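Peer 1: Sequence:
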Amino acid sequence: MIKRSVFKSNLKTLGLMRANDQSLDAINDDFYKPYIKVLYLPKGYSLTVDFNTFTTKQSTLFFISPNQFLQINLAGPDSGYFIFYNRDFYCIQIHDEEVACDGLLFNNIANMPMTTLTKDEDSSIKYLFDQIEFEFSLKDATHEEMIRTYLKQLFIKSARQWKKQHLGKIVAQQHNELEFFRKFTRLVEEHYKYKHSVSDYAEILSMASKTITHRFKRLNLLQPNEIIKNRLVLEAKRLLVHTSMTAKEIAFELGYEDPAYFSRQFMIKTGKSPSSFRAKFLGQNAEATT
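Mapping the sequence shown onto our numbering, position 253 (from 1) lands on 253, and the numbers just tick up by one.
No false leads were mixed into what you were given.
Subject to a maximum C-alpha distance of 27 Å in a straight line, what follows is the list of computed DSS-like cross-link-like pairs (lysine-lysine): (1) K126 x K152; (2) K152 x K8; (3) K152 x K57; (4) K119 x K164; (5) K183 x K33; (6) K163 x K37; (7) K248 x K33; (8) K126 x K57; (9) K139 x K12; (10) K217 x K183; (11) K43 x K163; (12) K157 x K126; (13) K183 x K152; (14) K272 x K248; (15) K217 x K195; (16) K195 x K210; (17) K269 x K229; (18) K12 x K33; (19) K126 x K3.
Using C-beta positions, here's what the derived DEER-type ranges look like: (20) D25 x T243: 20 to 26 Å; (21) H191 x T55: 33 to 39 Å; (22) R238 x D120: 32 to 38 Å; (23) K280 x T149: 44 to 50 Å.
None of these hints come from the bench; they were simulated from the model.
None of these values were measured; they are calculated from a predicted model.
Positions of the beta carbon are idealized from the N, C-alpha and C atoms, including for glycine.
Put together the whole structure using the sequences plus the hints.
Peer 2: Right under this line is the structure:
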């Protein structure tokens with residue numbers, strides 16, 4: 001029987017279980033889709049997040065938002081950890097000054113929110129998961145706050161590691177630019193269905209579009225217009241494969257007044273029409289399950 005530890009109080013929920021061969025079906029269940037998820041997976045795991053498949057060559061952390069598709073395809077020889085929780089337990093937007101991970105570990109359109117761990121970092125991160133598991137065994141009156149404290153430490157350490165891996169020395173030199181990048185990606189996540197151009201976000205930020213573009217160039221990351229387009233295409237892909245909505249309905253859902261224009265933009269980014277993408281993806285999945 002799979003052991004699952006869950007804390008519930010009023011609207012707050014946080015749960016933890018070991019990730020291994022026995023728990024894959026449980027973790028992949030749609031039950032966890034509405035939750036924010038954190039995965040600590042040692043070497044040898046294969047998983048799909050949205051439309052990308054990853055194989056862990058060393059211990060790796062994955063940060064999964066509620067709207068993302070997650071499936072672990074293969075477990076490695078060693079057990080990992082799977083945490084799921086809701087925003088009532090801990091909201092990274094409200095506590096952004098504490099952990100500064102929104103737009104990096106979560107809601108990051110430019111990069112897959114994942115961090116690989118060196119041997120020393122692995123020990124430090126695994127300790128936090130072990131302590132959360134230990135707190136469940138205590139059932140002490142203070143264990144909710146202790147678990148939340150360990151979760152915050154996990155986010156802080158992981159955000160530092162993400163910056164080191166993806167931005168290197170730039171972080172120390174251009175902290176303000178990184179904070180601007182986080183702010184922009186959060187705005188895109190909030191408004192992408194209705195605001196499709198850099199100028200739309202320039203208006204919100206009260207600055208020129210060229211200024212936004214120049215600030216992104218300093219970080220050597222995707223340009224802002226590509227971040228907006230990628231977010232729209234990602235949502236279109238999700239709706240194509242996880243709903244029965246037509247391409248026309250998806251176009252209107254994503255704020256396009258002209259469905260034909262949406263289809264052209266989708267073709268430019270993916271090389272396929274919406275209907276071809278749906279047919280190919282669903283066909284591949286059907287073959288994989290037979």
